[in-house]
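For reference, the chains in residue letters:
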Amino acid sequence: MRIGFLIICALNFCVYGIAYAQPLNSNELINQAGRYDGKVITYAGEVVGDVMVRGNYAWINVKDSSNAIGIWVDKTKVQDIIYTGSYKSQGDWIEVSGVFHRACSEHGADLDIHGEVVKKIVPGRPISEEADREKRKIAVTLLGGLCLALILQFFKKPSKKKSSR
Amino acid sequence: MILRPTLEDIKLIGYYLGKIIIALGLTMIVPLVFALTRSEINPTLDFLIATEISLIIGLLLLKVCRTEKDLNWMQGMIVVSLSWVVATLLGAIPLYLSGHWQSYLDSCFDAMSGFATTGLVLVQDLDHLALSHNLWRHMIMFIGGQGIVIVALSFFVKGFSGAFKMYVGEARDERILPNVIHTSRFIWLVSFVYLILGTVALGVVGIILGMRPFNAFFHGVCVFMAAFDTGGFAPQSQNILYYHSLAFEIVTIMIMIFGAINFKLHYCLWTGKRKEVFKNIETRTLFITVLITFFITALGLAQVNIYPRAVALFRKGFYQLISGHSGTGFQTIYAAQFNQDWSHLAIVGVICAMALGGAVCSTTGAIKMLRIGIIFKAMIEDVKRIILPERAIVVQKFHHIKEIFLEDKQARSALLITLAYLVLYGIGACIGMFFGYSFLDSLFESTSAAANVGLSCGVTSPSMPVALKYTYIIQMWAGRLEFMSIFTLIGFLIAAIKGK
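Residue numbers (the working numbering), protein chains in the order written: chain A, 1 to 165; chain B, 1 to 500.
Heads up, some of the hints might be wrong.
[Stated by the list, open to error] What follows is a set of in silico ranges between Cβ atoms, one per label pair, in the way DEER data are often shown:
id: 1; chain 1: A; residue 1: 140; chain 2: B; residue 2: 208; range: 41 to 49 Å
id: 2; chain 1: A; residue 1: 140; chain 2: B; residue 2: 30; range: 19 to 27 Å
id: 3; chain 1: B; residue 1: 399; chain 2: A; residue 2: 105; range: 40 to 48 Å
id: 4; chain 1: B; residue 1: 385; chain 2: A; residue 2: 38; range: 43 to 51 Å
id: 5; chain 1: B; residue 1: 208; chain 2: A; residue 2: 121; range: 56 to 64 Å
id: 6; chain 1: A; residue 1: 27; chain 2: B; residue 2: 494; range: 43 to 51 Å
id: 7; chain 1: B; residue 1: 247; chain 2: A; residue 2: 120; range: 24 to 32 Å
id: 8; chain 1: A; residue 1: 31; chain 2: B; residue 2: 124; range: 15 to 23 Å
id: 9; chain 1: A; residue 1: 126; chain 2: B; residue 2: 497; range: 51 to 59 Å
id: 10; chain 1: B; residue 1: 435; chain 2: A; residue 2: 132; range: 30 to 38 Å
id: 11; chain 1: A; residue 1: 22; chain 2: B; residue 2: 288; range: 49 to 57 Å
id: 12; chain 1: A; residue 1: 82; chain 2: B; residue 2: 270; range: 46 to 54 Å
id: 13; chain 1: A; residue 1: 121; chain 2: B; residue 2: 284; range: 53 to 61 Å
These are calculated hints, taken from the structure and not from any lab test. The C-beta atom is built at its ideal place from N, Cα and C for all residues, glycine as well.
Just chain A, same shape as in the assembly (with noise of 0.2 Å):
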């Protein structure tokens, strides 16, 4: 019985230390806050928007597939970070192991991780952009058409017969 009962607990640990070693995506954290609440876990994603520093600590904001979370996190560690979410480029995809926290009482109840080993993953880069062809080629059309409807606005003369219902 007392075996039994060592063996299952062992198991459990042994899931949930598997679980909580894996990445966890934004989803299962949002939904399950209270579970994770307090405890140690890794998450990963692309660094979006701006490194905020905030003397000897910075905010990142970290985006999976689904949301960004926030993440807390020693200045030192997020130098590595070069290239950010934006339309002009891909920013850092890195894993993030730290605290998370449901209402996080140091940060005015915001659901954050507070992040003890940032480790980049994937280096971003910038995004180079080409023009569509397509739309290229119906700019250029509707260009025509404008010009045909300002001209057809000088040609003509407003009808001055006055109609009466």
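Given the coordinates of chain A, work out where chain B should sit on it, guided by the hints.
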């Protein structure tokens, strides 16, 4: 007997609609130039295409429907209701072309949400959206908040009589200055002055928070437009949670409250009549309703003890509440957290706040404070009539810029509009429930859409049923225009089919 609309009616409507479309097309030049300066190639083409389409349609309507006549009431109302539909269809073009919306319907949803200053979104991967598209999303709110027709009134419409009819059709029956065109220009003046001040304030806070200066001011201008026009869009997918800052939240609260105030009251403030703020029925009602709804929300949050500290209660409980009450829709929590972390009572508090709204002649939607105040005064008057002797003459007054005697007509009108809003909230909730959402979720989202708020508990998403998307679009439209011009449009269509 219903009279079928004449060709002259249609020409007049088309002519004024053409002017409004041209005005809208010209506003798209701003993001177009911005895209050029930021070397955003495809967004430049998106805005070029949308501008060209708008100008072509507008010019053709002016040509085909040219007339010298002025609008009557029916035509004015129809121009207004149609102009919001057309603005949505045209304003959605650059959004759709960006590729960040799943379908054209989704981009129309966001365009209507923007013009109606709602703030519900279906955009995907917002964090990688071009800055020019993001600017346009927020400009849509700025234009819609002031009123699409006001854009045209300010620059393109000469006849005062027709102008007033369109102004009223856009749910603004109060003239700040004797002339409606001067009123429109005053509204723009107020908005631009606050735009500069608000952008500087938010930009400076952004820099202090560690944002890059350009980003800080870009976010500043966007967030100001969304806050002052009680819209609720934000440049990043996390909305206001992105900034992780109490200071930023306080500045946005101040701007939201400014946006929820009657433009007449702004005029009083500008002309030095500061006492009006404390005497006005709308500010008093707003103060009381904020207190009551916050009490309900705080009580609900205390049940689950999620925000035990005062700062947390302020930043999460009060912020969502004031955001809902002012009709803005900024969020500092994730949509799912309403369901996960908040008690039902707390959600009900926010729903009540959303349903009430801000001041008339402001940028907010919903029932509005003047009507709530009038209904309350009318109730007091009726109670007095019962209590006092029959021979006693009961007179009820309220202060709104000046002392006004409460008449039955005002109370009836306030009650009718309130009833119409309640029905609109209810219909949306029923449709939501039909699609399998819970009662509270359906009511929350429906109220948010119809009251032009934009807070979401997670129902609004690209994967929601198409019929629900149409429902919310109609709710946002009807809620923003306060029904009358839409009823007129329906009447016009019936007359066109059944009339003789």
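Results for each hint:
A hinted range of 41 to 49 Å holds for the C-beta pair residue 140(A) and residue 208(B), which are about 46 Å apart. A beta carbon spacing of about 22 Å between residue 140(A) and residue 30(B) agrees with the range 19 to 27 Å that was offered as a hint. Range check, residue 399(B) to residue 105(A): Cβ separation about 44 Å, and the 40 to 48 Å hint holds. For the hinted restraint 43 to 51 Å between residue 385(B) and residue 38(A), the CB-CB distance of approximately 60 Å leaves it violated.
A hinted range of 56 to 64 Å is violated for the C-beta pair residue 208(B) and residue 121(A), which are about 31 Å apart. A beta carbon spacing of about 47 Å between residue 27(A) and residue 494(B) agrees with the range 43 to 51 Å that was offered as a hint. About 30 Å separates the C-beta atoms of residue 247(B) and residue 120(A), a value consistent with the hinted range of 24 to 32 Å. Restraint check, residue 31(A) to residue 124(B): a C-beta distance of roughly 19 Å satisfies the suggested window 15 to 23 Å.
As the Cβ distance of residue 126(A) to residue 497(B) is approximately 57 Å, the hint placing it in 51 to 59 Å holds. Checked against the given bound of 30 to 38 Å, the beta carbons of residue 435(B) and residue 132(A), roughly 36 Å apart, stay inside it. For residue 22(A) and residue 288(B), the hinted distance range of 49 to 57 Å is satisfied, since their beta carbons lie about 51 Å from each other. Checked against the given bound of 46 to 54 Å, the beta carbons of residue 82(A) and residue 270(B), roughly 48 Å apart, stay inside it.
For residue 121(A) and residue 284(B), the hinted distance range of 53 to 61 Å is satisfied, since their beta carbons lie about 56 Å from each other.
Of the numbered hints stated above, those contradicted by the structure are hints 4 and 5, listed in ascending order.
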